[in-house]
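Asks: Take 1 as the starting number for the sequence shown in UniProt numbering and just add one per residue.
Treat the hints with care, as some may be off.
[To be verified] As a list, the in silico EDC-like pairs of lysine to aspartate or glutamate whose alpha-carbon atoms are at most 16 Å apart:
#	residue 1	residue 2
1	Lys57	Glu73
2	Lys137	Glu54
3	Lys115	Glu37
4	Lys23	Glu33
5	Lys137	Glu73
6	Lys23	Asp44
7	Lys115	Glu33
8	Lys57	Glu37
9	Lys20	Asp38
10	Lys23	Glu37
11	Lys58	Glu118
12	Lys58	Glu37
13	Lys58	Asp44
14	Lys57	Asp80
15	Lys23	Asp38
16	Lys115	Glu70
17	Lys115	Asp38
18	Lys57	Glu118
19	Lys115	Glu50
20	Lys20	Glu33
Hint data in this document are derived by calculation from the structure and do not stem from the laboratory.
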Amino acid sequence: DMYHRQIDLIMSDLAPIMRKYAKLVQQANGLDELKFEDLKISIDPTFEPEITIEESKKYIFGALDVLGSEYVEMLHQAYDARWIDFPQNKGKETGAYCASPYASHSYIFISWAGKMTEAFVLAHELGHAGHFTFAQKHQNY
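Work the whole structure out from these sequences, hints included.
Replies: See the structure below:
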């Protein structure tokens, strides 16, 4: 049931927005033909808003609230119980990764520099954490 709801939502609500965005990318970059990899091109590379970790919660919780209170509670745990390693420590890789060991919560590694793109990446990694959290809860083998 949830799978079908997600597909229906993607097709009804996201598809028109994605088509509009794809057209905008094509026009902004003067492309005759838009390819899948072109969707990664920034519309305005100079636009890089800053965001704090605390502010990222507002955006991420707001965006993922549609997944229900149990999911949002998992997000609170991830932030509050320090599942997320934010600091840019010496020797720490750039980018982000979600490690999900068996019979434990996930760990998210991200080198937070206070940019909005990192909030998007963190939301993605929290999606992995949510998947593993609920998969382990319902399939404990």
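Asks: Evaluate each hint against the coordinates.
Replies: Structure-based check of all given hints:
Proximity of Lys57 to Glu73 is assessed by CA-CA distance (about 12 Å); at most 16 Å being required, the pair is judged to hold. A threshold of 16 Å between alpha carbons decides the hint, and for Lys137 with Glu54 the separation of about 28 Å lies outside it, so the pair is violated. At roughly 23 Å between alpha-carbon atoms, Lys115 and Glu37 are farther apart than 16 Å, so this suggested pair is violated. Between the alpha carbons of Lys23 and Glu33 the distance comes to roughly 10 Å, so the proposed pair stays at or under 16 Å and holds.
Pair hint Lys137 plus Glu73 holds up; C-alpha atoms about 14 Å apart against a cutoff of 16 Å. Pair hint Lys23 plus Asp44 holds up; C-alpha atoms about 15 Å apart against a cutoff of 16 Å. Among the hinted pairs, Lys115 with Glu33 is inconsistent with the structure: their alpha-carbon atoms are about 30 Å apart, more than 16 Å. A hinted pair counts as satisfied when its Cα atoms are at most 16 Å apart, and Lys57 with Glu37 does not qualify at roughly 29 Å.
Simply put, Lys20 and Asp38 have alpha-carbon atoms about 14 Å apart, close enough for the 16 Å limit, and the pair holds. For the hint linking Lys23 to Glu37, the alpha-carbon distance of about 14 Å falls within 16 Å, and the restraint holds. The straight-line distance between the Cα atoms of Lys58 and Glu118 is roughly 14 Å, inside the 16 Å bound, and the hint therefore holds. Between Lys58 and Glu37, the direct Cα distance comes to roughly 30 Å. Violation of the 16 Å bound is thereby established for this hinted pair.
Our distance criterion of 16 Å between C-alpha atoms is broken by Lys58 and Asp44, whose separation comes to about 24 Å. With a C-alpha separation of about 11 Å, the suggested pair Lys57 and Asp80 falls inside the 16 Å cut-off, and the hint holds. Our distance criterion of 16 Å between C-alpha atoms is met by Lys23 and Asp38, whose separation comes to about 11 Å. Annotation: proposed proximity of Lys115 to Glu70 is violated, straight-line Cα distance about 28 Å (limit 16 Å).
Between Lys115 and Asp38, the direct Cα distance comes to roughly 22 Å. Violation of the 16 Å bound is thereby established for this hinted pair. Distance check on the hinted pair: Lys57 and Glu118 sit about 12 Å apart at the alpha-carbon level, within 16 Å; holds. With a CA separation close to 5 Å, the supplied pair Lys115 and Glu50 stays within the 16 Å bound. Taking the CA atoms of Lys20 and Glu33, the gap is near 15 Å; set against the 16 Å cutoff, the hint holds.
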